[in-house]
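> Chains as they are written, first to last, in this note's numbering: chain R, 1 to 228; chain L, 1 to 204.
Among the hints, a few may not be true.
[What the hints assert, rightly or not] Below, in silico cross-link-like pairs of lysine to any residue (SDA-like), each with a Cα-Cα straight-line distance of 20 Å or less:
| # | chain 1 | residue 1 | chain 2 | residue 2 |
| --- | --- | --- | --- | --- |
| 1 | R | Lys27 | L | Gly127 |
| 2 | R | Lys27 | L | Ser107 |
| 3 | R | Lys27 | L | Val126 |
| 4 | R | Lys27 | L | Thr92 |
| 5 | R | Lys27 | L | Leu91 |
Just so you know, these hints were derived from the structure itself, not from any lab. Keep in mind it's a predicted model, so treat the numbers as computed, not measured.
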Amino acid sequence: MSPLASTWAAEVAAVFAKEWRCELRTKVALNTLGLFAVTTLVVASVSLGPLGVSKAQGSALLPVLLWLILLFSVAAGLPRAFVQEEESQTATALRLSATPSALFCGKLLYSLTLVVALEALITPIYVTIMNLQVARPGLLVTALAAGGYGLAAGSTLVAAIIAQARSKGTLFSVLSFPILLPLLILVIELTRNAVLGDPAGMALAQLLLYDASVSIFGLMLFPVVWNP
Amino acid sequence: MTKLHFENVRRRFGRLSVLQGVSGTVLPGEALLVTGPNGSGKSTLLRCLAGILAPDGGRIDYQEDERALDLAERRLRIGYVAPDLAFYSELTVAENLQFFARLRRVSPERGFEVLDRLALPTDRMVGTLSSGMRQRLRWGWALLHRPRLLLLDEPFQNLDAPGEEGTRALLHEHLEQTPGGLAVIANPASLEIDRVTARIDLGR
Chain R
1 MSPLASTWAA EVAAVFAKEW RCELRTKVAL NTLGLFAVTT LVVASVSLGP LGVSKAQGSA
61 LLPVLLWLIL LFSVAAGLPR AFVQEEESQT ATALRLSATP SALFCGKLLY SLTLVVALEA
121 LITPIYVTIM NLQVARPGLL VTALAAGGYG LAAGSTLVAA IIAQARSKGT LFSVLSFPIL
181 LPLLILVIEL TRNAVLGDPA GMALAQLLLY DASVSIFGLM LFPVVWNP
Chain L
1 MTKLHFENVR RRFGRLSVLQ GVSGTVLPGE ALLVTGPNGS GKSTLLRCLA GILAPDGGRI
61 DYQEDERALD LAERRLRIGY VAPDLAFYSE LTVAENLQFF ARLRRVSPER GFEVLDRLAL
121 PTDRMVGTLS SGMRQRLRWG WALLHRPRLL LLDEPFQNLD APGEEGTRAL LHEHLEQTPG
181 GLAVIANPAS LEIDRVTARI DLGR
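Chain L with its partners taken away, still in its complex shape (with noise of 0.2 Å):
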């Protein structure tokens, strides 16, 4: 079974306390939502949750097929969609995707079909994408290796009416039909996606 929980998470950036002891739990087919304003700390806990910053204290517990996975597994297991994450502008799309592949270990088909939902074209240079083409190919990334858990910063933001809708689907089926699938969603104001089982509400 896959299972995410965090407990007591906190975190702070010089004398500034951006997280006061966050506790979750997300299990297989369930998405968490966290919500707040601009600067509450929601992309501090995915970062947290990610492995990319390190908070002062809490625990963090991810487990696939009943191990616990450790810090450096669980980097390279999460799918992480976010508005700083950034790839090789001077690489096309294709070359951008075949080189995570590479370095993940797997075939880049998927990262392929999920931009070709998308329509996203793979032989433009990346860094003639509008901000929009670069959320989908955020959300190629993140799927090139099929992971269980998904972490999605502002997943919809720059998004034009059919991205938005060719993203939720791809959400809805990572939750439906991955086993062990589960995500965990920042966003500034509440999303209405079906499989919200919990939500965390940072502003209060």
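Isolated chain R, as found in the complex (with noise of 0.2 Å):
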């Protein structure tokens, strides 16, 4: 590796460890997460439960039940990735030091970990309260890792752009329908092949494009919207 390469890698893995740090300390995003997910999850499993629906609707429903609950968990907790640094002033430090490109990506490193861990805690109990039948168990994980880089460079993408707006909570939304909504309609679709036990086709290259293409966006757009 290069030395600008290694400089540039630490100064990621410094914003990662930073993030993590702060976050054990103070927990807001962990349990906010948590909270939501697992609330979700209970009343999702108490209303449908594992016979509330017949195997041929619940392959259809339960995909699509999933990632409503890991989106509306992540939209609860992430869009305060670069809230949080405007609100309490931290921002200015991090202009005058940071590395705007390197900022982005340890912030995504940290959104994603988050990620995991989320989906980490809440499918393997989502799948057993359901009953959900997987048939291909290689493609979920396949599909819960691209998913869910996808709803983490999503998010870090759309904090960064509304972290300096006046109606943070309001532009999220605005901005994250149309960003994630083909992932969600790609995920949704790679999940049902594998509960179906139906080949990925052409919703997993769609998938990873549209991974590739949020990150080369929201690495050329940060320093943009992070700089005056």
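Fit chain to chain and form the complex, with the hints in mind.
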């Protein structure tokens, strides 16, 4: 690795470590994501339960429900990635110290680990409670990985865009819709294929393309929205 | 050679024109003092010079070793002390310095040395610091990467007598000993500082 790349990677690692150190001391995002995820999971399982839907209905309905739980849990916790920096006035010190691309990637990496932890907590419980039979578990894991990355990258990008706006909550909803909607459509289709045992088809390729596009778009856009 | 030159810098906030064509030049070993009442645009000028606020018009040139730095480079090279500069309250003073040192790709030693001189304990959580202690931390953070250009907005605010004496000594050393060291200082009232070679009164 070149010295430039290694120092850039060190900056990313510093941001990532700082995010987790602050999070483990305040537990704001962990509590928000965890509480929302568990609450919606319990509500869904009590309402539908393993016997609430037939197997045929379940394969169509349950993947949608799983991703809605994950989406709304993420939406409850991740938008604060940059808003917190602005509100606590630490953004100025960051602007004067960090390379924007390294800051974006450090924040993205932190969001990704939160989403992965959330998926690791929610998915096994959900599959068990709902008695969801997954014909291709490997494809489900792929869908969770690619979909989780898309959720983290999309949320981090939107969080960066709204950080300096006044109506942050409203703007997050408005911007998230066009950015996260294609992701949800693709990842739900892929999860459904995993449940039914169908091949991944074009959904996986399109999902990976979406992930790459959001990452590149985020890296290009972030320096513009972050700095004046 | 290090040189800061700005010319006809203008900035509006909506209909309110805060900076109306401010110009100045600072050379190594020199300090420019900007004074004026509250709301006269001192902080706005420093934020424009730091590159964290875009001016509506005018030109800002900052050179190090005869080379003009672009905006992104300027941001990462300057030292900045200002009342609205905050650090992570969930981290200790030492953890904050180490984090910013890693971002700036320097050793945190210089920051610790400054804080030691200013008698700020580094094991305290930032959230528990008094306003004077936070001001000391701002100085430690600003000098962490041994910048040549210091932008100081009310640099002695909230400091007690030993704190002000210590930070004045740091400023004096910066202007005397740092190769190419220069400073722009904004304060509501005039300050007695040895190396001030030019003054801008935004109240006029």
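> All hints are to be evaluated individually against the structure, with a verdict given for each.
Verification of the supplied hints:
At roughly 16 Å between alpha-carbon atoms, R/Lys27 and L/Gly127 fall within 20 Å of each other, so this suggested pair holds. With a C-alpha separation of about 30 Å, the suggested pairing of R/Lys27 with L/Ser107 is violated against the 20 Å cut-off. For the hint pairing R/Lys27 with L/Val126, the CA-to-CA distance comes to about 18 Å; that is within 20 Å, so the pair holds. Annotation: proposed proximity of R/Lys27 to L/Thr92 holds, straight-line Cα distance about 17 Å (limit 20 Å).
Simply put, R/Lys27 and L/Leu91 have alpha-carbon atoms about 14 Å apart, close enough for the 20 Å limit, and the pair holds.
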